[in-house]
Amino acid sequence: MITRSQSPALPPSSINLPIEQLFEQQTNLFEIKLASNFGLFAKDRGFGFATFCSSTISEDIFVPHRITKNILTNTPSFGTSLWAEVSCKKEGAKTKYRIESLWNELGDVITNTPKKHIKQAALSIKLLQEQKVISFEPKQKADINVHNEQLIFTYDDFLSVAKEKQLQYRLKQIGNPDKGWDRHNTIAYTYAEYFVERWANQYKLPVLDYNETNQFSPQDYNINGIDIDVKSVIGVGRRKGTQYSSFTDGNEVLIGVYTHTDKLNEDMIELSIDGVFDPKKYHPIDLQLNYLKLNTPPNVCYFSSLYDYFLSSKDNAHTQLTINTALIVYAANINVIPLLLKLCSKTDQEYLLKMLITKQNSLLIPIISELIKKNSTALFPHYLADFIIQQTVQKQDLDTTNIKYLLELITIISPRQKRFILDLLKANETLQAVRCHWHPEETIADMGIDIYYADTSSVPTLRAICGCNPKFKTTFFTYSWKTNETLCYSSDDDICDLPNCGCLIHQYKDYHLGSVILGKSSCTKYGKNSYESWLAKREYPYQKSFVTHAN
297 MITRSQSPAL
307 PPSSINLPIE
317 QLFEQQTNLF
327 EIKLASNFGL
337 FAKDRGFGFA
347 TFCSSTISED
357 IFVPHRITKN
367 ILTNTPSFGT
377 SLWAEVSCKK
387 EGAKTKYRIE
397 SLWNELGDVI
407 TNTPKKHIKQ
417 AALSIKLLQE
427 QKVISFEPKQ
437 KADINVHNEQ
447 LIFTYDDFLS
457 VAKEKQLQYR
467 LKQIGNPDKG
477 WDRHNTIAYT
487 YAEYFVERWA
497 NQYKLPVLDY
507 NETNQFSPQD
517 YNINGIDIDV
527 KSVIGVGRRK
537 GTQYSSFTDG
547 NEVLIGVYTH
557 TDKLNEDMIE
567 LSIDGVFDPK
577 KYHPIDLQLN
587 YLKLNTPPNV
597 CYFSSLYDYF
607 LSSKDNAHTQ
617 LTINTALIVY
627 AANINVIPLL
637 LKLCSKTDQE
647 YLLKMLITKQ
657 NSLLIPIISE
667 LIKKNSTALF
677 PHYLADFIIQ
687 QTVQKQDLDT
697 TNIKYLLELI
707 TIISPRQKRF
717 ILDLLKANET
727 LQAVRCHWHP
737 EETIADMGID
747 IYYADTSSVP
757 TLRAICGCNP
767 KFKTTFFTYS
777 WKTNETLCYS
787 SDDDICDLPN
797 CGCLIHQYKD
807 YHLGSVILGK
817 SSCTKYGKNS
827 YESWLAKREY
837 PYQKSFVTHA
847 N
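Residue numbers (my numbering): 297 to 847.
Hint data in this document are derived by calculation from the structure and do not stem from the laboratory. This structure is a prediction, so every number in the text was calculated from the model and none was measured. Among these hints, one or two may not hold up.
When the alpha-carbon atoms are kept at most 25 Å apart in a straight line, the in silico PhoX-like pairs for lysine-lysine are as follows [to be verified]: (1) Lys-670 x Lys-475; (2) Lys-655 x Lys-700; (3) Lys-700 x Lys-669; (4) Lys-459 x Lys-475; (5) Lys-577 x Lys-559; (6) Lys-559 x Lys-475; (7) Lys-415 x Lys-428; (8) Lys-691 x Lys-589; (9) Lys-461 x Lys-576; (10) Lys-459 x Lys-428; (11) Lys-778 x Lys-833; (12) Lys-691 x Lys-669.
Per label pair, the in silico range of CB-to-CB distance [to be verified]: (13) Ala-458 x Ser-817: 25 to 31 Å; (14) Pro-711 x Arg-535: 37 to 43 Å; (15) Ile-522 x Ser-817: 43 to 49 Å; (16) Asp-788 x Gly-533: 17 to 23 Å.
For glycine and all other residues, C-beta sits at the position ideal for the given N, C-alpha and C.
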């Protein structure tokens, strides 16, 4: 038996290819693999069945005896990858898909097939393979490397001599405290700067550290001729750093670095680079950002690939590929759909995007098309996050399952960007569950939605406005002021029980008090002042209960 491979590529539901379209009036080229029991099965029965070597399609193919004999003669070991020409044969009321020809290598298909369209399919796959090695794999490797968190011991020799000198100067400026936030912050942002410097040195880019001559320089580095300001978010323990505290003036280029330690002033720090944010990269793009605007403090989705910004070739000329079914299935299985979108024509891009994106999310198609046209797909996480917020505020249900599949199909995104977008999707998913806290018969269709941002959070706070009294607002999506985790409504039990509050409450496990309930920072019952008074008394005054939250 020949079976499809267990590739972690596109799930079946994310490529909407009706099986009959694969064989319309012509044969098609597909890669197949032998299973361990194929040899015995073929010898006993004289024929076998196959499925495409694809996680996107599962359909039996009839393998005639002459083909099984050919397989056993030329490729006796199981697990061998083969290329097969597959055609549709009508046998009564039942459709059969039959292997007509078989080749050991893709080059054999190009050389030996008499059919022009099979040869063209093989050539397009070969070109995709070549472009994958030339342009896609180096970027993929570089992006994954910067997104992976690295553990650094702050007492070893990680810093350069010059950076260590800067660190000691900075610590002296704050009074050389043995511990505390100022010391932790100073060490964290100094290591963040040097982490970026080491990345640039790794790729042999010219680097000038402005801080060596001026500790108060408005920019930290010049990398490859571009002035850079390094910004960091600092997480400690359960409190995750999310929001960058400052924003660019429209000309400043930022590189964002995520830092985290288990405890304040711990000797070991985790570092990863979120990417680069250059507002000028948005100027050629004919798209509007309605909520996550350029002149606001950036979150992780504002940052894009360092590789694209500093290392990718300025020569964008490439061989254009013509879309065919074999090419799409192959690209899906080796996870290079982003490359395929880049290499095909505008018409084929639209065809492929309509295949990938469900009707419910069709407004994403012109957004992605514009980003591809302007060679700016690295900015997709930013535009996608803004789109999700817009559709949620407008009370439009999204096909969130489809969007989750799309995250890996347009560009390479970081784990932190993925987490941020998945959190935003929860706001959209909960729309139909929202009820007015004061009038339970009111659904989201009866209410408005308002949105605001706090300085300390990267996610918006969304509140459903009562249709009877606009002063009453039921919060259904926000963040915890204590941990910065995202909070999401599931039922009215998640809403504060004060008569006029409506904030979203959540459970927090305190080291001194145990499990307590917290609400928004300004809540008079479960807010920050109340929490601090509980700590002072070492006593939580309310009956303990449990509520759900997003993370």
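Evaluated hints:
Only pairs whose Cα atoms come within 25 Å are accepted, and Lys-670 paired with Lys-475 is rejected, the gap being roughly 48 Å. Annotation: proposed proximity of Lys-655 to Lys-700 holds, straight-line Cα distance about 15 Å (limit 25 Å). In summary, the hint linking Lys-700 to Lys-669 is supported, as the alpha carbons are separated by about 23 Å, within the 25 Å threshold. Only pairs whose Cα atoms come within 25 Å are accepted, and Lys-459 paired with Lys-475 is accepted, the gap being roughly 20 Å.
Distance check on the hinted pair: Lys-577 and Lys-559 sit about 37 Å apart at the alpha-carbon level, beyond 25 Å; violated. Between Lys-559 and Lys-475 the CA atoms are separated by roughly 11 Å; this keeps the pair inside 25 Å, and the hint holds. The suggested pairing of Lys-415 with Lys-428 holds, with an alpha-carbon distance near 20 Å, which does not exceed 25 Å. Simply put, Lys-691 and Lys-589 have alpha-carbon atoms about 20 Å apart, close enough for the 25 Å limit, and the pair holds.
Restraint check for Lys-461 and Lys-576: not satisfied, since their Cα atoms lie roughly 34 Å apart, outside the 25 Å limit. Proximity of Lys-459 to Lys-428 is assessed by CA-CA distance (about 38 Å); at most 25 Å being required, the pair is judged violated. With a CA separation close to 19 Å, the supplied pair Lys-778 and Lys-833 stays within the 25 Å bound. For the hint linking Lys-691 to Lys-669, the alpha-carbon distance of about 30 Å lies beyond 25 Å, and the restraint is violated.
Between Ala-458 and Ser-817 the CB atoms are about 41 Å apart, so this pair departs from the stated range of 25 to 31 Å. Separated by about 18 Å at the C-beta atoms, Pro-711 and Arg-535 break the suggested range of 37 to 43 Å. The hinted range of 43 to 49 Å is not satisfied by Ile-522 and Ser-817, whose Cβ atoms lie roughly 38 Å apart. Checked against the hint of 17 to 23 Å, the pair Asp-788 and Gly-533 fails, with Cβ atoms roughly 31 Å apart.
Hint compliance for this structure: hints 1, 5, 9, 10, 12, 13, 14, 15, 16 are not met, and every other hint is.
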